[in-house]
Structure formats: structure tokens, C-alpha cells
Amino acid sequence: MSQIIVSDADPIKGRSVLGAMGQSLRMLMTDNFAVVGVSVLLAFAVIAIAAPWIAPYEPFKAMMTESGRLNRLDPPSSLHLLGTTSFGNDVLSQFLHGFRVALLVGLVAAIAVGLISTIFGVLSGYFGGYVDDALMRLTDIALSIPTLPFSIVAVALLGPSIENIILVITVLFWRNGARIIRSAVLTERERVYVKWARAAGASHFHIITRHILPNIIRVVFLWVTMSVAFAVLTEASLSFLGLGDPTVISWGQMLNTAFSSGNLRTAWWWVIPPSLALVMLVSSLYLIGRAYEEQTNPRLRRR
Amino acid sequence: MRAYILRRLAQSVLVIWAVTTIMFFMFRIMPADPTAILLERGLTDEARQALLEEWGLTGSIWQQYLAYLTNLLQGEFGSSFLYRKPVWEVLTPLIINTLWIAVPGLLLGAALGAVIGTAVGWARRGGKLERSGIFLATVIRGVPNFVIGIALLTIFSSTLGWFPGFGMGDPGQTVGFARYFTLDFLHHLALPLIAVIIYFLPENLLLMRSGVVENRTEDYIELVRAKGVPPRRVAWHAARNSMLPLITWLFPALAETIAGIVVIEIVFSWPGVGRELVLAVTRQDYPVAQAAFFLLAVMIVIANLAADLAYGKLDPRVVYK
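Chains as they are written, first to last, in the working numbering: chain G, 7 to 309; chain S, 433 to 753.
Just so you know, these hints were derived from the structure itself, not from any lab. Check before you lean on any hint, since a few could be wrong.
Stated by the list, open to error - Label-pair distances were calculated between CB atoms; the ranges are:
id : chain 1 : residue 1 : chain 2 : residue 2 : range
1  : G       : Gly135    : S       : Leu501    : 41 to 51 Å
2  : S       : Val445    : G       : Pro62     : 50 to 60 Å
3  : S       : Leu539    : G       : Gly207    : 52 to 62 Å
4  : G       : Arg143    : S       : Leu498    : 18 to 28 Å
5  : G       : Arg32     : S       : Gly507    : 29 to 39 Å
6  : G       : Ala208    : S       : Asn503    : 30 to 40 Å
7  : G       : Thr36     : S       : Pro703    : 30 to 40 Å
8  : G       : Ser189    : S       : Leu655    : 41 to 51 Å
Predicted model, so just to flag it, every value in this text is computed and none were measured. For every residue, glycine included, the Cβ atom is placed at its ideal position computed from N, Cα and C.
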């Protein structure tokens, strides 16, 4: 072995959840791939916030030529930097607004899935008993629901709106995290210091917030990251299948319009930007997730 | 062992019951009227009533639920609103079409992923091959499957014209079972199959790589090395022991493949179950949508069960309780 790095599973030093979060983020920054991922995410977030101001036109406004005809499938020009769609919409404006939907879906999914999975996982792992049994049966059922077909049916029945899409995504993806977090809590619970804290008269609340949570925060982060990626992918797939919110422009929807109007080959300026942005966003999330995976699995570290 | 199998079987039945119940209530809470598509055809009230009875849409919701469960147990899914024939007749040929791209795609993706994953896992830690392998695999894993499909379609079908990008065969070709063995069919199969392979390869690669990295520092590898076994064979030892998670992953992945392939089927207009599900939902052909969804859920349950049982066979360390 060329390099031997001794690391004792990088124990979390902070005693508070916030301290542990900070430490975990600092550790993330030592992974070059994760730094790439975080930079892309930050850049995307800035674009998403600024989109309404930097987008040159209204995303659904039909562009007219000087002679008063609809400006269809215009290749990139100084007037329309990324050309126009077959409905005469400005591609750049639609593309920029697409950042908002992707980030919104990702952010809400991160918060909802993160909270639900953590609460269920911690309660189930820490208290065990009936709560645990019930939760495990529930996730057994939840895990045998095919995700994309379920979303297709649910969104079609509830009505294709961005709220319903987010609701369906949350209902689907809390289950994966809950299981993983539960097993992390199970190992933490058996640690000697937790027993000591208990013997010293610490309350369950104190033990959970001060001892359990700081130590499982990396597992939570890992699953939040993966959930965001799944959420973005699910929204994009639904929109591509024509089940997206018709009033909100998203990248999946742009590709759906290009595909169903039969302009994939000719209108490269319409197809490439949303495809590339989706790939960059999801890949960045996976790069960050991979870094957490290496952190949480000591057997993957260099020895 | 027997007790374990029985318990897992009972559990699977419970899961299937739960999924069908969720499905039943999901299809009843919808705002859209399921009979709308039937009424469009200008039926009299009596004819409408007869149709509703035929499709089990009369009575209280509990009566409907009971009728629905009885029908399910008898393998009776009703008739398609649109095609006007039994749902099974609509779906059975589509299942085969879906399996045609799902099974070879998954197997080839897993095999290629395992080979490349072993190479990446066995490479020097922190070296060029390892880093670029991980980076590429992670990025490709992040490509949504419809983007893979669109890229293949645009490059190899529309621009280069090497492969057809639509459907399963040119019109006027052989029909029936024989069509699956014509050159024309294989020509149409190529692009969707490649899309599925690209979709599954990176995940397998990363899984295999993690396994090899975990195994390469084990004592038995040192022993094999000390015996003077050539390096390539040493890597094979580590690879064999890393295949276990891959194999257990294969079964549930097959079910998820069939589900996730929906999008690829749409891009290439491949007449499979997933495409039919999307079409049925948009056409409000609920019996077909219900049955397609049920089919996919049952496949996942069976695959999970098979994976659990296979794991015990393959890994002697696993003890059934």
C-alpha cells in the first residue's frame, strides 16, 4: 500500500447537533468531488433566485417577428440567445425559470423527507417495541410500491400541479431514509456512553438531541442528498411524461414539448440546455452523496 | 428455514393486499368521473347502469371494495374502457415486450458494471483510474433516463440513421411469436436496450467497486497473494466475494427496472407495460391503469422475496430466523 492513513472513524467531537453539522460539512469540503458538487449547487441556487430578473422575456410569451408572424424555431441569435421554441417562446427565459422549479422541488423534498425520515427513524430505533414493529411493517409496504408508476397514477388522479407532485414525492421517499436512520440509531443506542448517560439520569430527550442526533447526522445528510436527487429526477420524469404542472415551466416539460412536437433533431438549442442542467444538478447531488457514503462507511476509507 | 419462508410468504401476501387497497382507494378519490369516458358514447340510462354494474362501480364504496377484492382473487381485472376487451388480453403481450428490454438490459448492465467496477476497485487508491472511474460513473448515474434516450435517439436514429427509433418492427413484418426472432425486431431492440444498459451500468459499477475496496484489504487476499497467485487472479478472488450485494440487488432492481423503464418505453415508443400505464392514465382507461400498476407491484414483491431467499443460498453466513 502506497499510503497509510490511520483514521479512527473520525469521531464527531461536537456535543450539539449544529456543531456536528458544521463538522460534517467541513469534512465534506476535504473531498474534491464533493466540492465540485457543492459549487454547482450554489451556482444553480443563485441562478434560481435571480431568474425573474435575468430572464429577458416572459417564459410563455409568444415572440413575433417584425412582420407580425410567430417567431417559431428561431436558431440562437442576439435577440434570442438560445433561440425560440416551436410555439415561439424564448428558450433562454424558459430555461432560467426551470432552475426555480428544480430547486423548489429539491428544497421542499429535502426538508420534508429529512424531517419525516429522521423523526420516524429516531423514534423507531431509539424506543423500539411496538413503534418499531409498526414502522417496519409500514416501510415494508412502502418499499414495494413502484415509485414512478405510483407517481404517474397519483399525479394523474390528484391533478398535475406542483404541490401534488411534491406531496407524492414526499409520500414516496421518506421510507428509504427512515430505515437507514433507524439502523444507525440502533447501533448508537447500544454505545456505552448512552447507557452511562441514562444511568446518570439524563432524559430521553437529552440523550436523543445531545448524543444520538450529533452522531447520526452524516447518515441523515447522506439520505437527504439522495432524496433531493430522487425528487428532482421524479419531477423531471413526470414533466417529461406530460404530467407536469402546465402553469409552471420546468426542464422536463421543455423536453416534453420538444419531444412531442418532433423537434428533437433540428432544435438542438432547445434540447441541450435543459438536458445538461438536469445532468449537472443530479450528478452534483450524487457526488456529494458519494462523499458522505465514504464518510459513513469506515471500510471504504483508505487503509 | 421453512418457518422463515412461510413467514416471508405471509408477509408478501400482506404487502400485496395493502398495495391493492391503497390502489383501490386512490382510484376512487380521484376528482375525475370514471364513467365519463363511458358516457361519451351516448348511452341510455339503462345501458349506462348495466355498464357500471359490469365494471363494479355501483353500490357503496365498501361493497365496491369487496367486489374488487373478490375479482382480484379470481384474477379478474375487468375490461378496458377503451379497447373493449379483457385487461389481461391487452396487457399480456405487453409484459413480454417489456421483459425483452428489461431482462437483457439489466443483465448486461450488471455484467459490464461488475467487470469495470472490479477494475476501478482494484486500481491504486487515489490514482487516476480510480478517480476518473468514480467520477464518470457518478456523473453518468445522474443522467435522467429520458435524457439518455433522447441522446441515443437524436444521434443514432435521426442524425446517423443507423437504427430505427420508433416501435418494435416495421409495419407488414412477421406477426405473432416469430416476430421476436427477426432481424427487424433486433434492429428495433438495439437503442432501447442500450439505453437500459447505460441506465444500470453505473450503479452496478459503484456497488462492485465498493465491494472490491472492502475486500481487498481482507486477510484472505493477503494469503492468496502470498501463495504467489498472479495479480489478475487475486483480483478475481476479491471480485467473487464482492458479487453478493450485486446479486441481491439484481432482483429488486429487475422490478424497479420494469417500473423505471416506463420513460425509455415512451421515448422509443416501445409497446410495453409502462408505456401502456402512462397512456391508460392519460386516456382515463382506469381498469388497464389499475392492472398495470398491480402487475408492477406484484413483480417487486416477488423479486424481493426471491432476493431474500437467494441471499441465504449464496452466503452461508446468513442464518434464517
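For each hint, the structure was consulted:
1. G:Gly135 to S:Leu501: 41 to 51 Å: 32 Å Cβ-Cβ, so the 41 to 51 Å window is violated.
2. S:Val445 to G:Pro62: 50 to 60 Å: 59 Å, holds
3. S:Leu539 to G:Gly207: 52 to 62 Å: 58 Å, holds
4. G:Arg143 to S:Leu498: 18 to 28 Å: Holds, since G:Arg143 and S:Leu498 (Cβ atoms, about 24 Å apart) stay within the stated range.
5. G:Arg32 to S:Gly507: 29 to 39 Å: Cβ of G:Arg32 to Cβ of S:Gly507: about 58 Å, so the range 29 to 39 Å is violated.
6. G:Ala208 to S:Asn503: 30 to 40 Å: 56 Å, violated
7. G:Thr36 to S:Pro703: 30 to 40 Å: Violated, since G:Thr36 and S:Pro703 (Cβ atoms, about 50 Å apart) do not stay within the stated range.
8. G:Ser189 to S:Leu655: 41 to 51 Å: The hint (41 to 51 Å, Cβ to Cβ) is violated, given that G:Ser189 and S:Leu655 are roughly 32 Å apart.
The structure does not agree with the numbered hints 1, 5, 6, 7 and 8 stated previously, though it agrees with the rest.
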